[in-house]
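Produce the complete structure using the sequences and hints provided.
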Amino acid sequence: MHAAVIVFPGSNCDRDMAVALERAGAKVSMVWHKDTALPEGIDLIGVPGGFSFGDYLRCGAIAANSPICRSVVAHAEKGGYVLGICNGFQVLTETGLLPGVLLRNAALKYICKPVELTVQTSDSAFTSGYEAGQTVTFPIAHHDGNYFADGETLKRLHGEARVAFTYNTNPNGSVEDIAGVLSENRRVLGMMPHPERMAEEAHGGTDGAAMFDSLVSQVVAA
Amino acid sequence: MKARVHVMLKNGVLDPQGEAVRHALGQLGFDGVEGVRQGKVIELDLAETDAEKAREAVTQMCEKLLANTVIESYSVEVS
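Protein sequence lines correspond, in order, to chains A and B. Each residue of the first sequence is one higher than the one before, counting from 1 in my numbering. Each residue of the second sequence is one higher than the one before, counting from 1001 in my numbering.
Hints may be right or wrong, so weigh each one.
[Stated by the list, open to error] Straight line, CA to CA, 27 Å or less: simulated BS3-like cross-link-like pairs of lysine-lysine: (1) B:K1064 x A:K34; (2) A:K155 x A:K78; (3) B:K1040 x B:K1002; (4) B:K1040 x B:K1010; (5) B:K1053 x B:K1064; (6) A:K27 x A:K78; (7) B:K1064 x A:K78; (8) B:K1002 x B:K1064; (9) B:K1064 x B:K1010; (10) A:K109 x B:K1010; (11) A:K155 x B:K1002; (12) B:K1053 x B:K1002; (13) A:K34 x A:K78; (14) B:K1040 x A:K109; (15) B:K1053 x B:K1040.
The set of hints was computed from the structure by calculation and includes no laboratory data.
Structure, rendered in structure tokens:
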């Protein structure tokens, strides 16, 4: 499996994501935001956490309009896999690949701590290594993780079982405790918590490893 | 031409920053502030000289980048 990890000015989890993917057996290419094309044969694109473009205008808004993001959207539109974590989730909502938006945390504080999540669906290449209803612990580290979508969108997300993860104790005001959502074809996942920072023993836990393992074993060229 | 864009959170979208400002005003003794909504003002200098064309272009800019219409509304002034 060949993965590309996009690097924006201000990305700070790009290497963590690459290490987690490599540990699971993927070949990883780092791709700079000014590049217009992805390397040949990319199966998965990782959009990493960080503070792309200093969160100017809105979190993820400038990155979502960078040259490489046209290729990211094209990859997703032809059925390719995309994983957006933290700032990557914000970028994916700004591109329109995922519904909703991430607002400032309800208590206005930056929150950095491990949180318990419930896996809501195992029906995706990202979550098939988990059982639906399973509790996992991933760290969060964000100031703008307060997921918001209108009632109609939420109804559709639930009806199609596209909520991937929920917080057991809501840290940031996210509507219906939502921590991560899938696209309609279940091949794009955006989530605020960081599985790549809980993927080997030295991290203090390995709950995140199953996501990268299942991605590497299941994802085939789009 | 110059254009000024106001971007505001839509009604019904919680504005925690506005709420924090409202709370701080109350602590300063400004009673009776029943609501605060915080938005953005973006000023643009445009080469365009036709007001209608300028307005149209800025509206496109709002739709594509300056506002996230999932949660924000915008208004455009051209002068």
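Hint by hint, which ones does this structure get wrong, listed from lowest number up? 11
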